[in-house]
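Undergrad: Taking this note's numbering, the leading residue of the sequence shown gets 61, the next gets one more, and so forth.
It is possible that part of the hints are untrue.
Unchecked claim - DSSO-like, lysine-lysine: derived pairs with alpha carbons at most 27 Å apart: (1) 146 to 120; (2) 91 to 304; (3) 115 to 94; (4) 119 to 146; (5) 146 to 160; (6) 160 to 139; (7) 119 to 165; (8) 94 to 146.
As the list claims (entries may be wrong) - Okay, the calculated beta carbon distance ranges per label pair: (9) 303 to 195: 11 to 21 Å; (10) 158 to 197: 25 to 35 Å; (11) 163 to 303: 31 to 41 Å; (12) 192 to 94: 17 to 27 Å; (13) 162 to 80: 13 to 23 Å; (14) 195 to 117: 15 to 25 Å.
Hints in this document: simulated from the structure, not taken from any laboratory. Every residue, glycine too, gets a C-beta built ideally from N, C-alpha and C.
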Amino acid sequence: MFRGNYDNITPHRIMVNDWYRTSKYEESISKCIKEGDTVIDYGAGSGILSYMAIKYGAKKVYAIERNYKTARFLRHNIKKANLEDKIEVFVGDAASFIYKNDIVKIDVVISECIGDHLFENKMIYEFYNLCDHYRVGRQIPDNMSLCMFPHLIGLKNNTRHEFVDFDSDIISEFPIDVAYFENNSDEKEFYYKLNHKIRHHDENVLFKLSWKYDLNDGLLEKKVKGFGRKGFIMLYFYVELFDKVFFTNHPSRPKTGTHSYFQRIVPYYEGDINIKINPLYDQRGNEGSPCQNIVL
Numbered sequence: 061m062f063r064g065n066y067d068n069i070t071p072h073r074i075m076v077n078d079w080y081r082t083s084k085y086e087e088s089i090s091k092c093i094k095e096g097d098t099v100i101d102y103g104a105g106s107g108i109l110s111y112m113a114i115k116y117g118a119k120k121v122y123a124i125e126r127n128y129k130t131a132r133f134l135r136h137n138i139k140k141a142n143l144e145d146k147i148e149v150f151v152g153d154a155a156s157f158i159y160k161n162d163i164v165k166i167d168v169v170i171s172e173c174i175g176d177h178l179f180e181n182k183m184i185y186e187f188y189n190l191c192d193h194y195r196v197g198r199q200i201p202d203n204m205s206l207c208m209f210p211h212l213i214g215l216k217n218n219t220r221h222e223f224v225d226f227d228s229d230i231i232s233e234f235p236i237d238v239a240y241f242e243n244n245s246d247e248k249e250f251y252y253k254l255n256h257k258i259r260h261h262d263e264n265v266l267f268k269l270s271w272k273y274d275l276n277d278g279l280l281e282k283k284v285k286g287f288g289r290k291g292f293i294m295l296y297f298y299v300e301l302f303d304k305v306f307f308t309n310h311p312s313r314p315k316t317g318t319h320s321y322f323q324r325i326v327p328y329y330e331g332d333i334n335i336k337i338n339p340l341y342d343q344r345g346n347e348g349s350p351c352q353n354i355v356l
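Sequences and hints are given; from them, build the entire structure.
TA: Structure below.
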């Protein structure tokens, strides 16, 4: 889970270098994209998914990025790869893109929307709007499950996570300018600290909750019975990107950047737990963070 936000391009360094994440998205895009498709890459970031779409046959990609700093990085990579005629950058959100463009047909919408922004803003809501507005028959991700994994907490301890070196086998294939990170990042060394060190977990003593998130249905609600000692729960994802291409950041998986920054630690106590998560609206009926709907 990031301690910070996407105003800094530094998080994209972790995402690009995550071999597990990158390979799963490439596999799903290779199965999804057909020759001559018109594609939207929502939350395009570094542009790596846009490039994959072109690689596997898309004739045009509209790369939507709402953060202007990241959009500069995106344009830089596209220009360096000589793909300006095939990948068009739009700075703004989904609603602005729909309003300002008279595009009739979009074949595929792809988005890396399974990170911090799934909770912190309306990215899922906007992804859903794009798919609905253009009546797309193919989308990545196709569906996702959000699960809770219980942990017992031991002694307090600070854990430091730093960048690992780039995997040259991954980076060499994609037109991502590694030097751009060093020259334009607000933080030369990006890390976060956890205030608690996880000692062990016991699913039998605590509880486990999972549910399916269907992009055609906004509201998710589940009640569980919590029992056992005070502890923490980790939210993690199990995603079907496209046609049985699965992506998970379950804590049992070997640790990569994905494992680290897709988790959200939520404290809980013994007793009843009522959890309501709506990706579209908060408890007051306004667009907002669905995390406000976690009632403990």
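Undergrad: All the hints need checking, so say for each whether the structure fits it.
TA: Hint check results:
A hinted pair counts as satisfied when its Cα atoms are at most 27 Å apart, and residue 146 with residue 120 qualifies at roughly 5 Å. Proximity of residue 91 to residue 304 is assessed by CA-CA distance (about 10 Å); at most 27 Å being required, the pair is judged to hold. Distance check on the hinted pair: residue 115 and residue 94 sit about 11 Å apart at the alpha-carbon level, within 27 Å; holds. Restraint check: the Cα-Cα separation between residue 119 and residue 146 comes to about 6 Å, which is no more than 27 Å; the hinted pair holds.
Between residue 146 and residue 160 the CA atoms are separated by roughly 19 Å; this keeps the pair inside 27 Å, and the hint holds. Of the supplied pair hints, the one linking residue 160 and residue 139 holds, its CA atoms being roughly 23 Å apart against a limit of 27 Å. Restraint check for residue 119 and residue 165: the C-alpha separation of about 13 Å stays at or below 27 Å, so the hint holds. Between residue 94 and residue 146 the alpha-carbon distance is near 15 Å, which keeps this suggested pair within the 27 Å criterion.
Between residue 303 and residue 195 the C-beta distance comes to about 20 Å, which sits within the given range of 11 to 21 Å. At about 18 Å, the CB distance of residue 158 to residue 197 disagrees with the hint of 25 to 35 Å. Distance hint check for residue 163 and residue 303: the Cβ-Cβ separation is about 25 Å, which falls outside the suggested range of 31 to 41 Å. In this structure the hint that residue 192 and residue 94 lie 17 to 27 Å apart at CB holds, the actual value being about 21 Å.
Against the hinted window of 13 to 23 Å, the Cβ-Cβ separation of residue 162 and residue 80 comes to about 39 Å, which falls outside the hint. Evaluation of the 15 to 25 Å hint for residue 195 and residue 117 yields a pass: the beta carbon distance comes to about 21 Å.
Hints 10, 11 and 13 from the earlier list are contradicted by this structure; the remaining hints agree with it.
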